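Given the coordinates of chain S, work out where chain L should sit on it, guided by the hints.
The primary structure of each chain is shown beneath.
2 protein chains.
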Amino acid sequence: MEELIKSELVYSGKLIKVRLDEVKLPNGKISKREIVVHRGAVAILALDNNNIILIRQYRHAAGKFMWEIPAGTLEEGEDPLECAKRELLEETGYVANKIEKLIQFYVAVGYCTEIIHLFIARELKKLSQKTEEDEFINVYSIPIDKALEMIKNNEIEDAKTIIGILMMKNVLR
Amino acid sequence: MEELIKSELVYSGKLIKVRLDEVKLPNGKISKREIVVHRGAVAILALDNNNIILIRQYRHAAGKFMWEIPAGTLEEGEDPLECAKRELLEETGYVANKIEKLIQFYVAVGYCTEIIHLFIARELKKLSQKTEEDEFINVYSIPIDKALEMIKNNEIEDAKTIIGILMMKNVLR
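Protein chains in written order, with UniProt numbering: chain S, 1 to 173; chain L, 1 to 173.
Isolated chain S, as found in the complex (with noise of 0.2 Å):
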């Protein structure tokens, strides 16, 4: 256990909050811990018979396109499946018949709070996809066995992308 000492809030922004805590730890000593506060997110594997959907979109914090699952930041204390069927929508086009929370997950626990729920999408109907305005997404469907061998290769490099179809093909098979 860690007792929280002190916490003073560094940085206030849109997106994301930093806390700078001062924590005592189990031998009493006293420890600096920096916190990137997040409100949490969503990200769904939406599965096309035996495709997967994949978004394409430039990334400023990687300076490059990158191969994600749709996903997206939850509204202040929007439900997580709402946001999820909401996220498909916008950045797809798509919508689900039946969607399910798989599991969540810390993105990087050892300083950020965002917790990814993670859910999957079948019986999916194409509308038309509805981005926000900063947002430039091409969308893909992409056979299973393409997305491993991507994953494989390192061609796909995100973690949430990873997880959600390695779930897909040791959990649900």
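These are computed hints drawn from the structure, not numbers from a lab. Any given hint could turn out to be false.
The list cannot tell twin chains apart, which means a pair is met if one copy fits it or any two copies do.
Claimed, not checked - With a straight-line Cα cutoff of 20 Å, these simulated SDA-like cross-link-like pairs (lysine to any residue) come out:
#1 Lys-146 to Arg-122
#2 Lys-32 to Tyr-11
#3 Lys-64 to Glu-22
#4 Lys-130 to Tyr-140
#5 Lys-24 to Gln-57
#6 Lys-169 to Glu-149
#7 Lys-130 to Asn-27
#8 Lys-24 to Thr-131
#9 Lys-126 to Arg-86
#10 Lys-126 to Ile-103
#11 Lys-152 to Pro-80
#12 Lys-24 to Met-168
#13 Lys-14 to Lys-24
#14 Lys-152 to Ile-103
#15 Lys-98 to Leu-148
#16 Lys-24 to Asn-138
#17 Lys-98 to Glu-87
#18 Lys-146 to Lys-169
#19 Lys-125 to Val-95
#20 Lys-101 to Gly-77
#21 Lys-85 to Lys-125
#22 Lys-85 to Leu-20
#23 Lys-32 to Leu-15
Remember, predicted model here, so these are calculated numbers, not experimental data.
Frame of chain S; chain L shown alone:
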């Protein structure tokens, strides 16, 4: 593509920095991107016959104890392979006769530059753990099938750990 227009350092800490960037979007509009800057890290999937080495430690960002594979942040300019050997020894007390890189991945590419380099370590020999002053880590050797079960029931909820265990099931068999 997003063209960088302006970059402001809004927080500079020991582990992370935060930049507030302005970028020009493909439609010519300007948007802001909050970016957590992180040096990168390593994580090690250490195999002990049909067992995997897991550690358990309190994580302040989550407010609880977590199951994880051994991992750690790169020192400035450190080679990921050397870092992986160092962290494996420090956190678990094991040295590996064989250690090689599997893949790398971004933990939260929407806002964070952190890349984790995932290594697989085999032919382990147990020496003694050398944790840092602020680390309190318990080490366990867990059967692979048990670890997979802990992912499915969400007892394991750390992204790099889920990726490591699932990669092993998919890639190595």
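Against the earlier hints, flag every one the structure doesn't satisfy and list their numbers going up.
Hints 10, 12, 15, 22 not satisfied by this model.
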